[in-house]
Amino acid sequence: MVRWQRKAQRRAVVTSAALALVLAVGACSSSGGKQEEQKADGGSGNVATTPRMKVALITHSKAGDTFWDIVRRGAEAAAQKDNIELQYSSDPDGAAQANLVQTAIDSKVDGIAVTLNKPDAVIPNVKKAVAAGIPVTVLNGGLETWKQTGAVGYFGQDERIAGEATGDKLKQLGAKKVLCVVHEQGNVSLEARCQGIKNKFGNVENLNVDGADQPGTQATITSKLQQDKSVDYLVGLNAGVTLTAVQAAKDAGSAAKVGSFDMSKEMAKAVKDGTVQFAVDQQPYLQGYLAVDAIWLSKTNGNSIGGGEATLTGPSFVEKSNIEAVEKFATAGTR
Amino acid sequence: MASTIATPADADDRVSARSVGARLLSRPEIGSLVGAAVILVFFLVTAEPFRDINNTGTILYQASLIGVMAVPVSLLMIGGEFDLSAGVAVTTGGLTAGIFAYQFSVNVWVGMAVALVFALAVGLFNGWLLMRTGLPSFLVTLGTFFILQGLNVAVTRLTSGAVASNSISDMDGFGSAKAVFASEFKLGGVTIKIIIVWWIVFVAVAAWVLMRTKIGNWIFAVGGDAASARAVGVPVKKVKIGLFMTVGFFAWFTGMQLLFVQNGVVQSGEGVGKEFLYIIAAVVGGCLLTGGYGSVVGGAVGALIFGMVQLGVVYAGWNPDWFKAFLGAMLLLATIVNLVVKNKADAR
Chain D
1 MVRWQRKAQR RAVVTSAALA LVLAVGACSS SGGKQEEQKA DGGSGNVATT
51 PRMKVALITH SKAGDTFWDI VRRGAEAAAQ KDNIELQYSS DPDGAAQANL
101 VQTAIDSKVD GIAVTLNKPD AVIPNVKKAV AAGIPVTVLN GGLETWKQTG
151 AVGYFGQDER IAGEATGDKL KQLGAKKVLC VVHEQGNVSL EARCQGIKNK
201 FGNVENLNVD GADQPGTQAT ITSKLQQDKS VDYLVGLNAG VTLTAVQAAK
251 DAGSAAKVGS FDMSKEMAKA VKDGTVQFAV DQQPYLQGYL AVDAIWLSKT
301 NGNSIGGGEA TLTGPSFVEK SNIEAVEKFA TAGTR
Chain Z
1 MASTIATPAD ADDRVSARSV GARLLSRPEI GSLVGAAVIL VFFLVTAEPF
51 RDINNTGTIL YQASLIGVMA VPVSLLMIGG EFDLSAGVAV TTGGLTAGIF
101 AYQFSVNVWV GMAVALVFAL AVGLFNGWLL MRTGLPSFLV TLGTFFILQG
151 LNVAVTRLTS GAVASNSISD MDGFGSAKAV FASEFKLGGV TIKIIIVWWI
201 VFVAVAAWVL MRTKIGNWIF AVGGDAASAR AVGVPVKKVK IGLFMTVGFF
251 AWFTGMQLLF VQNGVVQSGE GVGKEFLYII AAVVGGCLLT GGYGSVVGGA
301 VGALIFGMVQ LGVVYAGWNP DWFKAFLGAM LLLATIVNLV VKNKADAR
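Chains D and Z are the protein sequences, given in the same order.
1 is the number of the first residue of the first sequence in full-length UniProt numbering; add one for each residue after it.
1 is the number of the first residue of the second sequence in full-length UniProt numbering; add one for each residue after it.
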C-alpha cells in the first residue's frame, strides 16, 4: 500500500473511533440530560420576567460531596424560577474561598450567597462585597457572625440546637452510651453537634474518622465498638458516614443502633427499612433555594426573609413514621 | 547505591561469605519489621482489646486497604518513580465500573472489564508521557491526578445527575463480583475479609518477581541508574511503563473492593490524599525516595504499621482529639527504629 493510502485509512479509523466516542458520550449524557430536562420542566411553568441577574453561590465544600450537591440543586431551582444565572464555585480552603468572593465582586455579579464556616478568612471580602453594593446572603454556616457582615439574611440550622434536639431524641429512645462519629477533625459545626448531644444526653464519646475514606472509616468504627462494648447508639454526622457505621456495627457483632444527620437516597431507604432509626435533616435544598431567592426578593422588592433574624432550616427529624412523605424527594436528590 | 563502590582492600571482600545474621540485617525490610514489632508490643501492653485475637481481622483489614496499593507503589519507587494519581485512580476504577454498568445496563463484569482497560490506559499514559517528555514523574502524575479528580466528579454528575454513582447492587453479576472482591469468611473465630487474602497473594507474587526474576533485576537497575541500565541492555522504557501499568491494575483492583464493599455506590470526591499513604507505607517499609532500593515485603510491613497505629489509638481508647498527633508520632517512631536498624546493619 502506498503511504497516502495507509494514511487515509488510518485517518478513517481515527475519525470513526472519534465518532463512536462522541456517540457514546452523547448516549451517556442524554440520560443525564433527560433528568435535567425533567427537573427543568417542574420549574419552567413560572419564570420571573424581572431583568436577568447573575448570582454567585460560593461554598466551602470539597468536590463530590452529596450534601452540597443538594444545596446546589436548591439554588439552581430558585435561580431558574427567578431568571437568574447561577455561578457555583467552592473551595474548602478558607483563603481560597475568600478569593472566590473577590472574583465574584470583580465580575460584577448582582448578588452573592456564601457560607461562613471559615469566618475569619472569608468575612473581610464579604464586607467588601456589601460595601460595593452587592447584596449578600449567608447559608449553612456563620450563625454567630453573619450579622456583622451586613448580609440580608441567614439560612441554615443552629448546630448546637440540632445537637440538643438529637440528645433529647436519644434520651427518648432509651440510649445509654452514645458514640458521636466526627468525620472531619476540627470542623466547628460537627463539634457543635456532638457538644449539643452531650449537653442534653451526657454519656457521649467522640470518635474521629477520615470522612474521605469509607473502608477506613468502617474499620475504625468497628474497632471502637470492639473496644467499648457499652456503646448502644451511634450517631453519624452525615449520611455516608452513618451508612458506613451501620456496616461497622454489623462487622463488630454489636447490637448498637444508629442515628444520623442529613438525608440522601440511600439514607431514606435505610430509615424506611429500619437500619437507621432517625435522620436529622437540615434541608440543604432549602438553604440553597432560600439563599438565592432572598437575593432576588431583596433586589426586586426590598424584602428580607427572616426580617433581619436567622431563618432556621433544621432540625427536622426524619423517622419511620414520616419517611413516606420524604422518601420520594430524597430519591430525586432534592431532600 | 553506595554499596556498589567497593573500597580497595587486600582481600576481595565482595565474594566472601557473610553470616546469615548479617545478610538478614542488610535486607531493606528488616528495620520496618523491628518497628512493627515495637509498635505491636506497645499496643499489646497499652490497649486491652488489642490482645483479643478476634480483633486481628479488623487490624489486618485496615492494613490491607493501604497494603494492596503499597505493592505496586513500592515496585514503582524501587524503579525510581512515584505516582501521585494512585489515590484518585482507585476512585476512578470503582466509578468507571459502576457508571458503565449502570448507564448501559450491562452485566457488572462487563463494566469491570471496561474499568480495567481504562485503569491500564491511565498507567500507560503516565509511563508513556514520562518517557516521551523526560519530565519528572512528580509533574506528570500530578497532572493525571487533577485530570482524574475532575473527571471523577464531572462524569459522575453528568451521568447520574448526582455526585455519587448510581447503585448497581441489584444488577446481574453483582453477587459473584462481590464474592471475589468483598466477601468475608471465618477462620477460627476471626472474621477475615477476602481482600486480606488477596493482599497476601499479591505481596508474595510481587516479592517473588522482584527477587527471583529478570524483571525484578531490571526494576532495581532502572531505579538505581537508568542510563547505565540502558547501556547494558535493560529495556528502560518498557520497564517503567510496565510499572505504571501495574499501579493501574492495582488501582482498579482496589477500586473494585471500594465499589463492592459499599453496596455498589462510589462517592466521586473520594481518594484524594490516599496516594501519600501508599507512598508512606513504602517509605516506612524501607523503599528509598530516590529509587533503586527497597522491597515489597517492606511496603506490606509499612501498611501493617499504619493499620496497627490507626486502630491501636482507637483500641487504647485515647482522647480522639489527639488521634492524628499519636498517629504521626508513632509513624516517626517506626521510621526512626527502621533507620537505626538499617544503619547498624550497614555498619557491619
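Errors might be hidden in some of the hints.
Stated by the list, open to error - List of simulated lysine-lysine pairs, BS3-like, C-alpha gap at most 27 Å:
| # | chain 1 | residue 1 | chain 2 | residue 2 |
| --- | --- | --- | --- | --- |
| 1 | Z | Lys214 | D | Lys250 |
| 2 | D | Lys198 | Z | Lys324 |
| 3 | Z | Lys344 | D | Lys229 |
| 4 | D | Lys250 | D | Lys320 |
| 5 | D | Lys265 | Z | Lys178 |
| 6 | Z | Lys214 | D | Lys177 |
| 7 | D | Lys200 | D | Lys171 |
| 8 | D | Lys62 | Z | Lys186 |
| 9 | D | Lys320 | D | Lys269 |
What the hints assert, rightly or not - If you want the footprint, here are the derived chain Z segments under chain D, 3+ residues with CB under 8 Å:
| # | segment |
| --- | --- |
| 10 | 121-129 |
| 11 | 132-146 |
| 12 | 174-180 |
| 13 | 231-244 |
| 14 | 291-302 |
No lab work stands behind these hints: they were computed from the structure.
Heads up, the beta-carbon is just placed ideally off N, CA and C, and yes, glycines get one too.
Checked hints:
1. Straight-line distance between C-alpha atoms of lysine 214 of chain Z and lysine 250 of chain D comes to about 46 Å, which puts the hinted pair past the 27 Å bound.
2. The straight-line distance between the Cα atoms of lysine 198 of chain D and lysine 324 of chain Z is roughly 23 Å, inside the 27 Å bound, and the hint therefore holds.
3. Taken as a hint, the lysine 344 of chain Z and lysine 229 of chain D pair is broken in the structure, with Cα atoms around 44 Å apart against an allowance of 27 Å.
4. Note on lysine 250 of chain D and lysine 320 of chain D: the hinted pairing holds, with a Cα-Cα distance of about 21 Å set against a maximum of 27 Å.
5. This hinted pair checks out: lysine 265 of chain D and lysine 178 of chain Z have alpha carbons roughly 22 Å apart, not beyond 27 Å.
6. Restraint check: the Cα-Cα separation between lysine 214 of chain Z and lysine 177 of chain D comes to about 58 Å, which exceeds 27 Å; the hinted pair is violated.
7. A distance of roughly 8 Å separates the Cα atoms of lysine 200 of chain D and lysine 171 of chain D; the hinted pair therefore holds under the 27 Å criterion.
8. Restraint check for lysine 62 of chain D and lysine 186 of chain Z: not satisfied, since their Cα atoms lie roughly 39 Å apart, outside the 27 Å limit.
9. With a C-alpha separation of about 10 Å, the suggested pair lysine 320 of chain D and lysine 269 of chain D falls inside the 27 Å cut-off, and the hint holds.
10. Only residues whose beta carbon comes within less than 8 Å of a beta carbon in chain D count, and the segment 121-129 of chain Z has 0; fewer than three means the coverage is violated.
11. Taking a C-beta to C-beta cut-off of 8 Å, the segment 132-146 of chain Z contributes 0 residues in contact with chain D, too few for the three needed, and the coverage statement is violated.
12. Remark: the segment 174-180 of chain Z is not confirmed as covered by chain D, as 0 of its residues place a Cβ nearer than 8 Å to a Cβ of that chain, below the required three.
13. Check on the segment 231-244 of chain Z: 0 of its residues sit with their Cβ under 8 Å from a Cβ of chain D, so the three-residue criterion for coverage is violated.
14. For the segment 291-302 of chain Z, the assignment as covered by chain D is violated, since 0 residues bring a beta-carbon within under 8 Å of that chain's beta-carbons and 3 are needed.
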